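A.B. asks: This is what each chain is made of:
There are 2 protein chains.
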Amino acid sequence: MSFDKVAIIGLGLLGGSIGLATARYLPGVVTTGYDADPAVRARAAELGLAGTICASAADAVTDADLVILCVPVGAMGDAAIEIAGALRPGCVISDVGSSKQSVLAALNKALPGTTIIPAHPVAGTEHSGPDAGFASLFHSRWCIITPPEGTDSALVDALSAFWSALGAKVDVMSPRHHDLVLAVTSHLPHLIAYTIVGTASDLEEVTRSEVIKYSAGGFRDFTRIAASDPTMWRDVFLNNKEAVLQMLQRFTEDLTALQRAIRVGDGDTLFDHFTRTRAIRRSIIDEGQDDARPDFGRGDHED
Amino acid sequence: MSFDKVAIIGLGLLGGSIGLATARYLPGVVTTGYDADPAVRARAAELGLAGTICASAADAVTDADLVILCVPVGAMGDAAIEIAGALRPGCVISDVGSSKQSVLAALNKALPGTTIIPAHPVAGTEHSGPDAGFASLFHSRWCIITPPEGTDSALVDALSAFWSALGAKVDVMSPRHHDLVLAVTSHLPHLIAYTIVGTASDLEEVTRSEVIKYSAGGFRDFTRIAASDPTMWRDVFLNNKEAVLQMLQRFTEDLTALQRAIRVGDGDTLFDHFTRTRAIRRSIIDEGQDDARPDFGRGDHED
Ligand SMILES: NC(=O)c1ccc[n+]([C@@H]2O[C@H](COP(=O)([O-])OP(=O)(O)OC[C@H]3O[C@@H](n4cnc5c(N)ncnc54)[C@H](OP(=O)(O)O)[C@@H]3O)[C@@H](O)[C@H]2O)c1
Ligand SMILES: NC(=O)c1ccc[n+]([C@@H]2O[C@H](COP(=O)([O-])OP(=O)(O)OC[C@H]3O[C@@H](n4cnc5c(N)ncnc54)[C@H](OP(=O)(O)O)[C@@H]3O)[C@@H](O)[C@H]2O)c1
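From first to last, the protein sequence lines are chains A and B. My numbering applies: residue 3 is where the first sequence begins, and numbers increase by one. My numbering applies: residue 3 is where the second sequence begins, and numbers increase by one.
It is worth saying that the hints were derived from the structure and are not from the lab. Honestly, I wouldn't trust all of these hints.
What the hints assert, rightly or not - Facing chain A, a subset of chain B residues (Cβ under 8 Å, in silico):
1) LEU182
2) LEU193
3) PHE239
Unchecked claim - Okay, the calculated beta carbon distance ranges per label pair:
4) B:THR254 <-> A:THR209: 17 to 25 Å
5) B:ASP204 <-> A:SER58: 44 to 52 Å
6) B:ALA44 <-> A:ALA281: 26 to 34 Å
7) B:GLN248 <-> A:GLY152: 50 to 58 Å
Source: prediction; values computed, not measured. Just so you know, even glycine gets a beta-carbon here, dropped at the ideal spot from N, CA and C.
Between the sequences and the hints, there should be enough to build the whole structure, so can you do that?
C.D. replies: Given below as structure tokens:
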């Protein structure tokens, strides 16, 4: 089986990119879209983010056989309540939220008896809103599907096929494991980046303009992800609290060990640690998850 | 006045880039180069990183009116001792080291009575060695010059003019202030990046291959700078210990505050913090110190 009518709820970076990608790679699939914000709906219509932009969530989902919720994780429950009465029998509900255990719980509560298959495409940029979307966002990125136990495997396969068509590579794991993996590969990095950017902007001895001028020394790499949407990230931290706090604990222990090595002048410990971390970078580039051009190609347009 | 003969000691990323940039933007200037590693010297000759590649440091500096030491900060003293007997009177000694107080002290000790004007071009990539250099590395980047008190201002102006010719914007400040500024804009970010990459690769619950696969969620941004040269960075932390430990203390306090907000579920504190940090990113892009293309243009070649 495959999905012929897909409703997208929330037309920002993720929802807009799904709409554009579906139009490009699955031109036979009919899409409808809805966003709580009338201005976003108007802009989405101008940009053609979905085939039809509807005036209510209920309208958007009426004929759909797949609904994808693309709202902040803290808004998933409310978005689901709005569509509860309008779903046709057999419709599959999915989402793109960055945490999965709490989203599954919220959707189960709002839509009892419905087939719910959460998913998370690990693809994004620091930009948000309807103008941020683009059709190739999911190219060569992983999409993690986290079906609850007992989900019909034909439906999981159909959702996998949908994401593959959009260019993604698909993995299946439990919601719990997803939340642990993403805590370290995404949530902790964002928390650290938000922290250091805050620290740097609050110093007395170093001005903010100095921080900005000399950011090419390394700091600027952190500012990209620390410019991500505050609502989205507040919700992620509140919804994946346990795993984030657990990873943070490990990070703090490791930082304390390096701090001690600096304090006592233990160059060997520093050298060994810094040598180990290079290998990971190489694997990420080999896996196609980053770009080996110096500076990610930032300088490509300069020369 | 201006420099006509420039000797470059250390022919890696920085030394090689200075040689290439001088050949392109100051074609009248004669360059000589030396590196302690014979293999690097051979490669530097093939790549034309300097006009003449010499077999000893003393040969390289014989006629120079400017010597630029481009070796790790812990090797500055030794590199200076090697040239001590060979300098012609009036020759200016400079460097590109990432910390300035300790380098100034080491050079003063090795070369008493010589004019020493330390400098630090805040430009680099995660790559090192002779093949990493390129002529446009310094374009639109800042070069910080840290003359000791009482330095002849005509010589500072000549060094500024040299760096400006290579495309850099020049600032002058004290070595002490430099070390504080760079501790926050460069050294602390590298330490944090090295730490989190180490943490992520040592987990039991999440495999290394999962970390690599899902790194596009944010983690990959840290791996770039955590792939930087271990020798260089060991030396930086050992040579700018006080300022790094001071900045680390502030960072840890701020991280503890956000950790607490997550633990108690204080969404407002998180939201406010995440909103504040966006402004810095915008300023860095406006200042030309980073690239506003989504993902730094990582995806530019995909679409
Ligand atoms: N950004 C990333 O890098 C990324 C990557 C992977 C997954 N995700 C996940 O994707 C989801 C969406 O993120 P995004 O980056 O696309 O955010 P976004 O660009 O801010 O878009 C979200 C849109 O949803 C709308 N919305 C909020 N509540 C709604 C509701 N109840 N019904 C309908 N629309 C509603 C928002 O409108 P208002 O502005 O009026 O609230 C906004 O237009 C989040 O769950 C996030 O965790 C994000
Ligand atoms: N990389 C950056 O992003 C960056 C940015 C700004 C400033 N800096 C500073 O620039 C300096 C050089 O860094 P880099 O990135 O260019 O390093 P690099 O690519 O590793 O080059 C350094 C070269 O110096 C050689 N060397 C070491 N000791 C020497 C000596 N006593 N005499 C002659 N040559 C010697 C090294 O040879 P061996 O390999 O045999 O030791 C190596 O070929 C460092 O002080 C660093 O702090 C770096």
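A.B. asks: State for each hint whether it applies.
C.D. replies: Hint-by-hint comparison with the structure:
1. LEU182: holds, 6 Å
2. LEU193: holds, 6 Å
3. PHE239: holds, 5 Å
4. B:THR254 <-> A:THR209: 17 to 25 Å: holds, 22 Å
5. B:ASP204 <-> A:SER58: 44 to 52 Å: 49 Å Cβ-Cβ, so the 44 to 52 Å window holds.
6. B:ALA44 <-> A:ALA281: 26 to 34 Å: Hint holds: Cβ distance 27 Å, inside 26 to 34 Å.
7. B:GLN248 <-> A:GLY152: 50 to 58 Å: holds, 55 Å
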